[in-house]
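Please take these sequences and the hints and turn them into a complete structure.
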Amino acid sequence: MKNDSLSFWERLYIKEVLKGLILTSKHFFQNMKVHILNLFGVKTERKGAVTIQYPEEKKSLSTRHRNLHRLTVREDDSPRCVACMMCETICPAKCIYIVAGEHPDPSIEKYPVSFDIDLGICVYCGFCVEACPEDAIRMDTRMLEIASYSREGMKYNKEMLMDHNKYCKKD
Amino acid sequence: MHTLTIDGKEMRVERGTTILEAAKKIGIEIPHYCYHPGLSIAGNCRMCLVEIEGVPKLQISCYTLVSDGIKVHTRSERVIKARQAILEFLLINHPLDCPVCDQAGECYLQIYYMRHGLYNSTFLEDKVKKRKAVVIGPTVILDSERCVLCGRCVRFCDEVSKSSELGIFNRGDHSEISTFPKKELNNKYSGNVVDICPVGALTDRDFRFKCRVWYLKEKPSICPGCSNGCNVWIHYNVDRTCKAEGKRVMRIKPRFNEEVNKWWICDEGRYGYKFVDDNRIEKPYIRQQGKLIPVSWDMAIERIAGLLKKYPPESIGIVPSPQCTNEDNFVLKKLFSEHLGIKNIDYRVPSQLNVYSDDFLIREDKNPNSRGCEELGLFPKDKGLELKDMLREAENKEIKILYLMNHDLVKKMGREEVALALSSVDSLIFQGTNFNETVEFADFLLPSSTFAEKDGTFINQSGRVQKINKALEPLGDSLSEWKIFVKIARELGIPVEYGGPEEIFFDITKEISSFVGLSYSLIGDEGINLY
Ligand code: SF4
Ligand code: SF4
Ligand code: SF4
Ligand code: SF4
Ligand code: FES
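Respectively, the protein sequence lines represent chains A and B.
Heads up: the first sequence runs through residues 7 to 177, numbered per our numbering.
Heads up: the second sequence runs through residues 200 to 730, numbered per our numbering.
Derived from the structure by calculation, the hints contain no laboratory data.
Mixed in with the good hints there might be a few duds.
30 Å max Cα-Cα, derived BS3-like pairs, lysine-lysine [what the hints assert, rightly or not]: (1) Lys164(A) / Lys473(B); (2) Lys224(B) / Lys461(B); (3) Lys446(B) / Lys161(A); (4) Lys409(B) / Lys461(B).
For clarity, every value in this text was computed on a predicted model and none was experimentally measured.
Okay, here's the thing in structure tokens:
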């Protein structure tokens with residue numbers, strides 16, 4: 007691609023800096039007007055800011071966006087996962103650790119005794135979701151707040167991952 | 200001899216060979232389920248169909264003998280279509296269990312379907328449901344739905360274990376493998392049915408869900424369970440961070456050896472690997488004020504070398520182990536017999552009473568290398584004491600140091616018989632792999648590595664030299680026996696210095712007449728007979 011060369015005025019930057027200042031002050035005074043009006047009880051249709059007021063306000067995400075994992079459950083709230091380890095096998099970051107066990111019900115047969123994901127290492131590729139033959143793992147909680155003060159805090163176990171279903175309740 | 204062509208390649212084979220075996224000889228694999236080289240031919244799965252020129256119908260290659268001049272096609276259009284049809288038929292009632300099924304990854308339904316399958320199902324009916332996860336014996340679980348009714352397991356129980364617990368019951372869609380009423384699949388060889396089942400219908404209760412097969416690594420080795428020296432694969436997994444409670448060996452599988460064990464191993468050998476990861480002695484210990492305290496190797500070696508220097512050879516008794524490799528025992532002999540002049544050396548610890556043995560694989564002697572100890576001469580000569588005399592002399596305070604190599608004397612000879620002797624000696628040195636009752640008497644514990652953690656050779660009861668190979672790193676601080684002896688020798692300033700088992704074996708072939716001419720490369724994975 008060819009870069010457009012800058013004109014003399016643009017190269018001085020003064021015009022561009024001023025343009026920026028004008029835009030910022032426009033928003034500032036506009037917002038200040040709205041906030042003062044609000045203060046005196048006059049509500050306007052206008053929002054108080056052009057920015058998104060996180061965390062009260064959240065940006066909508068694409069339906070294809072990959073975010074915090076969850077383990078889906080059967081009707082009786084037991085995990086859908088059968089510990090086949092497809093996700094563990096495909097995971098390029100090797101951050102899934104599963105231990106399988108014998109389920110008392112022979113029609114289910116196998117279940118994860120433990121299922122841990124270390125999100126500190128996860129690269130959010132979504133391969134685990136693609137690989138799962140049971141639709142047992144998904145990344146559709148729309149949760150982005152996955153920060154922690156420690157590495158330990160980034161490790162999610164089976165119970166926590168199943169608990170993430172609460173973010174997807176449809177009622 | 201017959202001359203025939205298979206897929207355009209001309210070949211000559213012995214008369215009486217089947218087409219399937221002939222094809223295998225020139226590297227053409229004909230898919231099959233019911234055929235197993237170690238069992239009689241049933242010819243019921245029809246997966247092995249081939250086309251023979253001039254014969255109107257396709258023929259099963261596992262049961263059709265070659266005849267002179269025939270032209271066989273294993274990849275013609277008709278054959279491929281037939282295979283597709285057979286697979287479609289087999290999958291009519293087959294469940295979609297692969298995520299749960301232990302066989303996934305080594306399942307011949309999966310493998311053949313990928314190669315020859317018909318990918319669009321044309322089946323509309325409901326599947327016949329059968330019994331799932333049925334415990335049919337102490338070692339095996341049956342899933343009837345996954346069974347392709349090849350009958351291998353039934354023939355195994357009739358022909359190899361000769362216990363006839365299994366049969367095929369009912370008709371048509373409802374045919375099912377099952378044990379006969381009031382019987383369970385419980386014989387000394389029952390685990391083998393899992394190996395020969397081409398699908399996941401029979402799974403191993405011990406291995407179930409422990410590890411997916413694609414995580415396993417394998418190493419050829421020899422079963423240390425008895426003097427037959429069956430060839431095995433050690434299947435292990437050390438890569439996954441969350442291993443089954445830190446266990447490394449996942450299962451033992453038989454390794455084909457025409458001369459020793461064919462395709463089979465006994466259950467005792469198959470499930471006898473647990474000691475590799477459980478209850479191991481991981482550090483050297485020295486008894487201080489009645490308690491075993493972990494110490495460093497240097498400290499333990501220094502103390503033991505001190506003892507060996509202090510006491511005259513007549514007051515020292517050595518009990519080598521037929522569980523150790525020839526290499527271990529050779530270095531033991533060099534150090535204790537040749538250099539230190541100890542004559543009281545006897546490996547012959549009586550085996551436990553009433554051990555099972557048969558005329559198939561299981562031998563009475565539960566050690567893999569008694570023959571090796573015999574060849575190396577690890578028994579008393581020139582007025583040396585036998586084990587029971589050593590123990591008696593220990594009670595009389597004549598034997599003051601007893602160096603036990605991995606023998607649980609308490610278990611093998613009885614607590615009353617050995618307790619006095621073991622507590623009378625000044626120092627009891629126990630060099631071995633696992634804690635046991637004899638360890639309670641020990642003053643020194645030296646951790647040694649198991650068969651899965653070292654290289655070396657065993658000689659089985661028929662005089663076959665076979666190699667074991669290191670699959671795992673020694674657990675904890677444990678070391679191969681020969682390395683421990685080299686450490687002691689160094690401390691004593693004795694010139695016994697080796698770099699590895701192959702180097703030791705080279706010396707054995709020079710010094711022990713029955714080994715002359717052998718080498719690791721000659722032994723290979725199959726082993727070789729002495730003389
Ligand atoms: S999103 Fe990718 S990196 Fe993260 S757990 Fe799934 S497979 Fe592993
Ligand atoms: S792929 Fe799905 S069913 Fe398999 S272990 Fe992962 S989450 Fe469980
Ligand atoms: S037997 Fe083979 S095809 Fe059938 S469920 Fe098991 S792995 Fe899958
Ligand atoms: S259980 Fe396995 S070995 Fe036995 S008949 Fe069925 S598929 Fe064959
Ligand atoms: S292998 Fe030939 S019919 Fe089964």
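Do the hints match the structure? See the list:
Straight-line distance between C-alpha atoms of Lys164(A) and Lys473(B) comes to about 29 Å, which keeps the hinted pair within the 30 Å bound. Note on Lys224(B) and Lys461(B): the hinted pairing holds, with a Cα-Cα distance of about 18 Å set against a maximum of 30 Å. Taken as a hint, the Lys446(B) and Lys161(A) pair is honoured in the structure, with Cα atoms around 23 Å apart against an allowance of 30 Å. Of the supplied pair hints, the one linking Lys409(B) and Lys461(B) holds, its CA atoms being roughly 27 Å apart against a limit of 30 Å.
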